[in-house]
Amino acid sequence: MLPSGQSGATAEVSDHAANRGLDWFNLCVANIQTGFGPFVAVYLVSQGWTQTAIGIALSIGTVTAMASQVPAGALVDAVRSKAAVAAISVLAFTASALMFAIYPIPLFVYLAEILHGFSSCTLGPAVAAISLALVGRAAMGTRLGRNARYASIGNGVGAALMGACGSYVSERAVFFLTAAVTLPAVFALLPLRGVGAIAPATAPPDPDTTAVVADTAPPGAKRAAVMRVLLDRRLLIFSACAMLFTFANAPMLPLAASTLTTRVGHLASLLIGACIVLPQLIVALASPAVGRIADLRGRRPLLLLGFSMLPLRGLLFAMMPSPTLVVLIQALDGIAAACFGIMVPLITSDVAGRSGHYTLSLGVVGFAIGIGATVSTTAAGWVADHFGSQIAFLGLAGVGLAATLLLLTFMPETRPPQLPGSAATDDGGPGVVPTRLAHTP
Amino acid sequence: MNHRSTWRKMASATALLLMLTACAQRPARDEPDSSAQAAPAPQVQQALPPTAETAADAAAEAATPADAQPPPASSAPPVTQGKPYAFVCVPYDDRPKPPPHKVVHKDMPQAPPAPPAAISNTTDQKPPSAVISVLGKKVFGRDGEDMGRVVDVLADSDGRARAAVIDFGGFLGVGNRRVAVDWHSLQIDPSNAEKPVILGLSREQVNAAPEFKESAHPEQAIVTDRAAGTPAAPPHPQ
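Residue numbers (the working numbering), protein chains in the order written: chain A, 1 to 441; chain B, 442 to 679.
Rather than coming from a laboratory, the hints here were simulated on the basis of the structure. Predicted model only: the values in this text are computed from it and were never measured. Keep in mind that a hint or two might mislead.
Short derived list, chain A residues pointing at chain B, Cβ under 10 Å [unchecked claim]: (1) Val40; (2) Leu44; (3) Val45; (4) Thr50; (5) Leu107; (6) Ala173; (7) Val174; (8) Ser258; (9) Thr259; (10) Val264; (11) His266; (12) Leu270; (13) Ala274; (14) Leu278.
The following residues of chain B were derived to be distant from chain A, with all beta-carbon distances above 10 Å [claimed, not checked]: (15) Ala571; (16) Asp599; (17) Trp624; (18) Gln661.
Where is the CB? At the ideal position from N, CA and C, for every residue including glycine.
Work the whole structure out from these sequences, hints included.
Printed below as a string of structure tokens:
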């Protein structure tokens, strides 16, 4: 813990260090997460695992992640030091990566999947809570833009690094590399140790203070407060939109990638790599602007922009473009991902940021997103098998259009009204240049 | 160009070094085997007396990086009974042994419980061929191209392997594809440590093949060599 009596110049310096630390942490975590996910199946195949066993392992991971979204959110709310939660989550990643690498036998792989599934659910909310505690609601969009930028750099670097490691060294080496990257992630958290502790003392309206108040309230009132947050109309509508967005979004890249593998042959891996890295590049470039615009102009236009990319992308993919065009169309995914990735924690913080149940609400939205992702991969695969990938793309475009229309019709603007447009830039934190903002659309 | 050739030289030199160390370590690990290992080698040369020099040439060729497998292969057969020694070892072992066994058989039937197995192995001219696990093994094309991994084996009602499911393409697990290839289109060489599974189909044939699905009738999706002209519709009887 940092001494809580810091003030003036030292506080600013530590603020700068904390922002930098959070940048690095986002980068490393995104890098780490690349190794888990679909690559696990590739690795287990290389270890002679049968398809059934791999299916069980992946299902264990999915079920754990789904089941722990909401409880993990509640847990992060309850724990005082969000940095400690983040550190423990990352160390859980280290453990599961090492289990994958050293003992790829069912017991340890299942254990690693459970560990990874749960700690993913605590990590995301913990990062969002740290961000909120660090900059406050006024500059939350800008800070989340930074988070998204560094996370996407981490994703892109991770994909390139892990991809090269997997094809030139070995599949197993990917998990050793993953475990190695967790160490800088933990070090990046060091300047953030005090964030949760300082915030309540200096800034009364921050979430931790209200969390303490909520803790001391009688249990009945507490429950009522939780329900008020969770049943907030804006949160419910946004959860539904997020579910539809993920439903339309999640299968698009795999589907496009498998059509590439069918048509291109040995260059496919390279093109699919480009399809993964290009959107990350776009997110890295666009997300700071997206965050600032969200703070200055509001969330709705950006949400609509991001969501409208989905039907567009689905339609373009359905026209069966040339492989180069497939990669270019993926740039739209970058725009959508930048908007969506920032809006999820931002809108949730608008709705629940002061309630003390911020990460619980994030867990609810995450649960909706998880349902969308899980159901849609199966559904889109089924449609592609029976009616061809063209129809599958059109169907996904249709769902994307529905999500956009739902958003357009029912989702209100959630930007806190009391904030004047310039307030965000005052608090923007180091590295944020508030010039020329008036000219951005 | 220079760079590339120096790289190749370095690669071949390291490969040679690795082989030498592997050869040097093997006798050290299990002393009794070293004599058995030394024994077959001269026999090859004796069996082919006029080609002693060509054998040396072949050994020199084997040292080139193009096929770095022969030296490991030459150290493996004593353990796994690979093909090159089948000609030499089987007749050599056969001739002295069977007569005493047959005699023993007739005289005292209770004595040899184990030898009959050895006889049945040697008499039908097929020594127990070496086997390897194929699940998860990388599959290479004839030209050395990476063709994916074996992820499943399809068997028929007689228990024979009919097809291998190979998973190829994709990047970090995204966008890979599965096809079922006829079992006979695979050449499996257990003595080849680096590329034990070779697929006799071209990349185009594999690309054009229908995707393998668990639920559908998988036998209809098996790609065969015979269907080279129309790989998408293999004429496979039910």
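*Quick one, is the His266 of chain A hint okay against chain B at 10 Å, beta carbons?*
6 Å, holds
*With chain B as the partner, please determine if Leu44 of chain A meets the hint condition of a C-beta pair closer than 10 Å.*
At 8 Å from the nearest chain B Cβ, Leu44 of chain A passes the 10 Å test, so the hint holds.
_Status of the Thr259 of chain A interface restraint (C-beta, 10 Å, chain B)_ = 8 Å, holds
_Non-interface claim for Asp599 of chain B versus chain A (Cβ beyond 10 Å)_ = 21 Å, holds
_Restraint satisfaction for Leu278 of chain A [CB to CB of chain B, less than 10 Å]_ = 12 Å, violated
_Less than 10 Å between beta-carbons is the criterion; does Leu107 of chain A satisfy it with respect to chain B?_
19 Å, violated
_chain B contact restraint on Val264 of chain A - CB to CB distance below 10 Å_ = 8 Å, holds
*asked:* Next item in the hint list is Thr50 of chain A. Is there a CB on chain B closer than 10 Å to its CB?
replied: 7 Å, holds
*For the hint on Leu270 of chain A, does the least C-beta distance to chain B fall short of 10 Å?*
8 Å, holds
*Is the interface hint for Ala173 of chain A satisfied, with its Cβ closer than 10 Å to some Cβ of chain B?*
13 Å, violated
_Status of the hint placing Val174 of chain A at chain B (closest C-beta pair under 10 Å)_ = It holds, given that the least Cβ distance between Val174 of chain A and chain B is near 9 Å, below 10 Å.
_Restraint outcome when Ala274 of chain A is required to lie within 10 Å of chain B by C-beta distance_ = 9 Å, holds
When held up to the earlier numbered hints, the structure conflicts with 5, 6, 14 and fits the remainder.
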